Amino acid sequence: MGLDIIVGIKYVPNTTNVNIDPKTGTLVREGVPSVVNPHDLVAVELALRLRDRYGGSVTAISMAPPHAVAGLEHVLGMGVDRAILVSDRVFAGADTLATSYVLAKTIEKIGRYDLIVMGQETIDSSTGHIGAQVASWLDLPYVYYAIDVEYTGDGFIVTRELEDRVERYRLAKPALISAKMYSLEPRQVTLRDKLRAVIERPIETWSNKDLGLDPNCVGLRGSPTIVSKVEFTPKVPRKNIIFEGDLREAVRKLVQALVEEGVI
Amino acid sequence: MSSQAPEERKRRKIRLEDLLNNNIWDVDPRPHIKLDTSKCRDCNYKPCVLLCPTGCYTTHGDDVLFSYEGCVECGTCRVVCPEEAITWEYPRSGRGIHFRFS
Amino acid sequence: MGDRFDVIVIGAGPAGSSAAYNLAKKGFRVALIERGRKPGSKNMFGGRVYAKPLEEAFDGLGKAPIHRWVVKERLSIVNKEEYVTVEYTGRGRKSFTTYLTDLTDWMAGRAVDAGATLITEVVVDRLLMRDGRVAGIVSGDDELEADVVVDAEGVNRLVLERSGLVERLTLRHVALGVKEVIKVDKGDIEKFFGLGEDEGLAWVFMGSVSDGLPGGGFFYTNRDSLSLGLVIYLEGAVQGMRRHIYDMVEELRIGPLFSRYVENGRIMEYSAHMIPADPRAIRPPRLVWDGLIVTGDAAGLLINMGYTYRGVDTAAYSGMLAAKAIEEADGDYSASRLKRYEEMLRNSYVGRDLEKFRGVHDLYMNPRLFNEYPALLTGLLRRLYEFDYEGYKFSKAFSEARRGLVSLPRIFLDLLEVYRKL
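Protein chains in written order, with the numbering used here: chain A, 1 to 264; chain B, 1001 to 1102; chain C, 2001 to 2422.
Just so you know, these hints were derived from the structure itself, not from any lab. Computed from a predicted model, the values in this text were never measured in an experiment. Wrong hints could be hidden among the right ones.
[To be verified] Some chain C residues judged to face chain A by a derived CB distance under 10 Å, without partners named:
id	residue
1	THR2117
2	THR2120
3	ILE2137
We treat Cβ as the ideally placed atom computed from N, Cα and C, and that holds for glycine.
All chains should be modelled from the sequences, with the hints used to inform the complete structure.
Now the structure itself:
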């Protein structure tokens, strides 16, 4: 009774250390390489664990420019079975609504699936919209902050973890879940799987020719969100205070300083 | 700082942390270097501390504190460690440092 | 895994990419395995490459990312605030500056274009041994077989170590290179150094910059950035370091030699890498085994000529020779057949220059080179040039500058040594 799972990934600039140009005040993007959104790797890990447990397949999808193929190769290297890159100029400039629409239509076209797994959010925009929106386009039950899934044959028991409690939901299949970030450690890329990704190349590229979507509903034109202004939070100058003394004394001074600053 | 002439400021060292902030890493949550800190206490020179270019090794009294996140994978620490206290592997899955302009 | 490769190349650096390119173009099925996310992302060098060997190894430089052709060479002897510089301006165009990260990506791209299969993000843990010969590689739980393996893993040769083919790296084997790449306006670079649009400067310096330890510094002009760094030999450094290596590099940046060039610059990257040091120590007892050829830094093929290092071109050249040897072996990859590689290497410029300059490392181990002589030289020139009314006679200036630093016979012997070894 294998599980056919679709997992969504986004290939994002690795913004772990983003530098701001002191002169222009803008982000230094020169030569910043992209990575698979780390929170999506948790979704991939969850999907792979479910496949390993119940059998079936994992298909990764991503709506992105062609260079995102490297991100799909990365998750194929982790053991994902198949990947679909949805790439078309008309999809460019999409907000979360237009993106989720394209992803939903992609999933519809894939057709056969039991479960969709997404990451909680992305490191480059942190909206957390996509999972909920795709679920609503496809009219699927949706649970977020998921940390584990049990397959019951006709549905799933999804465990989700909140700050103060753990909840269990019973979902009919097909369903969509977002994996809680940091809840699982993504597995490593292996030689065997990477070799398969490179040699068999189980990556398809779909354009809007394959999906046939109304250009008014995708890309910039299908995006009602307007980013009117971006403001950076003011940089708080660091005080560079070093607290001397033995550990106990230094910590006491530190706590006192934090209290004085109103931080704690 | 504002009272300082701009010339003076330009000629000041950049802190190591700020220098490192220009680099790109994809840090693996699993450390690729393991340090047997019990061997560090009796190490006389602790050469790792001054020779690790990214300051992954610092001292606290006789102890050596270690963090692998800023490692640029040069491998020097393993070579200079007189106690053979360092187990050194390359990060997997393409993680670790990602040089762009070197 | 049903797919079988003729050759596995460990590492898509200069040596590995060259081997893969030269094998793939002859129709070999090549797996080029790279631990980085993309070729070059783990590579670092001083800043310049000699062009000709590279051109030969890759059948032209085509779209190689060349920043500037070196037309100016500077050598400075530094004693704290004072320094003596020799500058040579020539016709140049023998070497160019670049980012090795980009150049390596280009080299690996050549290999891929020629038909090699590039597998990134995979660490090779050890060699797969079968019946006493190398039969492939092991990564985690996975094995991959091939008829022959080219080891181009670089200076930190963990694969060879784990396979017991070389001893563990020691202080004698390696030096540490650290560098900052600093963004500077293209026009400023050309103005500062009197360079044309694609012309570059290579500058090496030694003396007090390494706190009196064996080592030296380097400075290269890229298209719109500067590479500034330091090399420290680990042998002397373990006990001799007085401050953090980062401090030494930063001191250089803000010090008298360079601050005026970099003061409006923005740091782009801070990188470090090990470098083969004593060529006699790091060279493996042999470079071929049954089913295995060792190339590039892993084979210790870096030439320190005293005033310039060459490692990238020699690596690429050795990769090309490895490919030739494999082709000539005609399916018999026993050590005795692959010995052809050692022979070709020995007879190439790489082998000859390694032999010629093998003693330079000993010169570098002479502490007077970094302490007494820079002080003597600057002391001499200070006396010769800096006076109010009355000048010095050379002989008097020399003997005064020398006083307490180094004896005449010692100077004579050291000079003789330099003459012999350079």
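Exercise. Just pull the numbers of the violated hints for me, sorted ascending.
Key: none
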